[in-house]
Amino acid sequence: MRRNSLLILPALALLFAACGKKAGNSGLLVPKDANIVVHINSSSLTSKLSWDEIRQTNWFKEMSNKTTDSTAQQLLADPGKSGIDTKADLVFFMRKQGAGNYMVFQGKLKSASDFEKLLVQIHKDKPREVKKDGDFSYMAADEKGVVLWNKSNFAYVANAETPDMGNKFQPGTGTPHAFLDDSLRIFGQQALTLKSSDNLDADSRFADLVKDGSDVHIWTNMSGYAGNMGGMMSMMKLNLLTDGNVSAISVNFDNGKISAKSKSYYNEEMSKLLANHKPENISAEMINRIPSSNVVGVIAFNYPPKGLQELLRVLGVDGIANGFLADMNYSIEEFVKANKGDVLLAVTDLTMMAKQDTISYGPGTKPYVYSATKPDLKILFAASVNDKAAFEKLITLAWQATKGMTDKMPPISYKLENNWFAASNSQEHTDKFLAGGNSNLPFVSKITGHPMGMYLDLNKLITSMGGPSVANSTDSTAKASYDLTIKMWKDVVASGGEYKDKSVSFDMEVNLVDQNTNSLKQLNQYFDKLSVYQAEKKKKFAGSDMPVEEMKEVPPVVAPQ
Numbered sequence: 001m002r003r004n005s006l007l008i009l010p011a012l013a014l015l016f017a018a019c020g021k022k023a024g025n026s027g028l029l030v031p032k033d034a035n036i037v038v039h040i041n042s043s044s045l046t047s048k049l050s051w052d053e054i055r056q057t058n059w060f061k062e063m064s065n066k067t068t069d070s071t072a073q074q075l076l077a078d079p080g081k082s083g084i085d086t087k088a089d090l091v092f093f094m095r096k097q098g099a100g101n102y103m104v105f106q107g108k109l110k111s112a113s114d115f116e117k118l119l120v121q122i123h124k125d126k127p128r129e130v131k132k133d134g135d136f137s138y139m140a141a142d143e144k145g146v147v148l149w150n151k152s153n154f155a156y157v158a159n160a161e162t163p164d165m166g167n168k169f170q171p172g173t174g175t176p177h178a179f180l181d182d183s184l185r186i187f188g189q190q191a192l193t194l195k196s197s198d199n200l201d202a203d204s205r206f207a208d209l210v211k212d213g214s215d216v217h218i219w220t221n222m223s224g225y226a227g228n229m230g231g232m233m234s235m236m237k238l239n240l241l242t243d244g245n246v247s248a249i250s251v252n253f254d255n256g257k258i259s260a261k262s263k264s265y266y267n268e269e270m271s272k273l274l275a276n277h278k279p280e281n282i283s284a285e286m287i288n289r290i291p292s293s294n295v296v297g298v299i300a301f302n303y304p305p306k307g308l309q310e311l312l313r314v315l316g317v318d319g320i321a322n323g324f325l326a327d328m329n330y331s332i333e334e335f336v337k338a339n340k341g342d343v344l345l346a347v348t349d350l351t352m353m354a355k356q357d358t359i360s361y362g363p364g365t366k367p368y369v370y371s372a373t374k375p376d377l378k379i380l381f382a383a384s385v386n387d388k389a390a391f392e393k394l395i396t397l398a399w400q401a402t403k404g405m406t407d408k409m410p411p412i413s414y415k416l417e418n419n420w421f422a423a424s425n426s427q428e429h430t431d432k433f434l435a436g437g438n439s440n441l442p443f444v445s446k447i448t449g450h451p452m453g454m455y456l457d458l459n460k461l462i463t464s465m466g467g468p469s470v471a472n473s474t475d476s477t478a479k480a481s482y483d484l485t486i487k488m489w490k491d492v493v494a495s496g497g498e499y500k501d502k503s504v505s506f507d508m509e510v511n512l513v514d515q516n517t518n519s520l521k522q523l524n525q526y527f528d529k530l531s532v533y534q535a536e537k538k539k540k541f542a543g544s545d546m547p548v549e550e551m552k553e554v555p556p557v558v559a560p561q
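Those letters in the sequence shown? Residues 1 to 561, per my numbering, in order.
In case anyone wonders, no lab produced these hints; they're calculated from the structure.
Hints may be right or wrong, so weigh each one.
Cross-link-like lysine-lysine pairs, in silico, DSSO-like; alpha carbons within 30 Å at most [stated by the list, open to error]:
id : residue 1 : residue 2
1  : Lys388    : Lys415
2  : Lys378    : Lys388
3  : Lys257    : Lys340
4  : Lys487    : Lys403
5  : Lys48     : Lys393
6  : Lys263    : Lys306
7  : Lys393    : Lys403
8  : Lys144    : Lys132
9  : Lys403    : Lys340
10 : Lys340    : Lys261
11 : Lys500    : Lys378
12 : Lys110    : Lys48
13 : Lys521    : Lys263
14 : Lys61     : Lys487
15 : Lys500    : Lys521
16 : Lys81     : Lys151
17 : Lys66     : Lys529
18 : Lys66     : Lys132
19 : Lys340    : Lys237
20 : Lys263    : Lys500
21 : Lys108    : Lys81
22 : Lys108    : Lys374
23 : Lys131    : Lys211
Required output: the full structure, derived from the provided sequences and hints.
Written out as structure tokens, the structure reads:
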């Protein structure tokens with residue numbers, strides 16, 4: 001239970017902390033070359049979901065009742081006794097150091113002495129020595145980490161076992177380096193005593209991200225993770241996809257939805273490419289060509305074919321691509337000529353149907369025929385065509401390359417007409433899309449007007465997939481869980497892809513059925529009720545066999561002849 005007590009510290013801090021006063025741009029202590037940063041805006045989160053609300057949940061009460069360790073019980077009852085300042089933000093970051101990686105979880109202290117007493121109490125069965133190094137105290141927390149603190153801050157530092165992706169191409173170099181406790185301690189001290197010039201806080205992009213007031217902020221900078229690639233890989237410039245490219249994401253729990261906004265910033269060479277080859281916006285006319293009002297999901301985007309060609313050249317892989325295509329009597333230039341850049345993939349008309357299937361045991365044995373409930377749906381793929389002859393050649397080559405691989409797949413209907421190529425498992429869908437109808441879909445305005453748009457009807461997906469099985473089940477908890485779920489989730493909407501101010505932006509929303517209640521409160525209630533249903537199910541089936549109606553038919557085992 002000692003380790004569980006230690007793990008409760010960051011969990012409680014995440015759940016209970018509230019924001020304190022900040023200094024400088026963001027007021028956070030993060031190395032400027034950190035690869036992954038997660039910032040928790042505690043005041044915003046706790047204004048939406050209080051500690052008292054969490055304590056009233058059944059899962060929390062059950063966890064408290066099962067906790068026998070006195071220290072853990074005290075922390076659950078009063079997190080303030082940990083010595084952690086529950087009015088300060090929390091930061092997690094991961095950083096690459098030479099051949100290894102380490103991670104840091106840090107926050108502020110209200111009482112350094114209480115924090116030290118807590119650590120000593122946690123390790124009472126296997127006492128750990130508290131050591132001093134200048135203004136810092138530290139302790140080996142477990143086999144992989146160190147806890148250190150001074151009068152105002154604490155940090156938990158541990159190895160992060162993330163292999164160098166570039167070194168995976170070199171034998172014997174894919175295993176990450178593990179740092180010893182002394183090194184981890186130094187990393188922690190450096191993190192808590194950063195100079196302004198070494199702080200990510202000095203990067204206006206990070207400072208602007210944190211200042212937007214969102215609940216959670218995520219920063220990623222994968223520079224250096226391409227590693228030193230040997231052999232053929234060294235002739236490519238794949239590091240352009242990582243070096244100098246950063247992503248800034250903010251997440252909010254709003255009323256009726258969980259929203260996320262992201263900005264991706266690129267290095268000079270990638271920025272030049274994106275500025276010279278901007279995608280066009282997808283249109284409502286393209287989405288409304290989908291010949292069904294029963295849409296489960298759709299993703300549509302536009303890309304500049306010449307931009308794709310330039311990207312391959314910049315990365316140094318255009319020769320490899322042309323060499324591969326030359327074997328099929330094709331080229332990148334022909335691909336660019338064939339395509340206009342619009343792409344659409346849609347899933348519609350999802351139902352669950354009882355279907356017969358056959359298992360063949362080979363010559364001389366009788367095949368086994370059985371019935372099973374499987375999803376039945378229509379899938380549509382479409383792409384805009386720039387040059388018909390070049391695209392027809394592409395289709396022919398693709399068909400020849402996949403011949404034999406699709407023999408056991410459902411038949412696919414495809415056709416090129418009116419500057420569009422369409423393919424579907426439904427001939428009717430193919431023909432109607434090419435004819436150019438207008439389904440007037442209600443979500444179209446939410447995803448068009450941008451280079452990329454995505455829509456997923458969660459409620460329709462859940463009812464189509466789960467409804468039939470629940471209707472035939474005698475498990476009351478399964479029915480209750482299903483009813484709860486369809487009353488919770490509505491849809492997912494995403495759009496973006498514009499290049500502006502040296503960045504590409506995307507927005508995404510996960511919408512809930514209840515649009516008036518804060519999504520964090522709804523999630524708390526949702527998972528609380530699910531935990532109750534799960535507990536009831538375990539209690540119901542404890543010590544008894546699974547009901548016959550819950551068992552699935554299993555095909556017989558046939559011994560080899």
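Legend entry - Hints violated by the structure (numbers, ascending): Hints 3, 4, 5, 11, 15, 18, 22 and 23 contradicted; others consistent.
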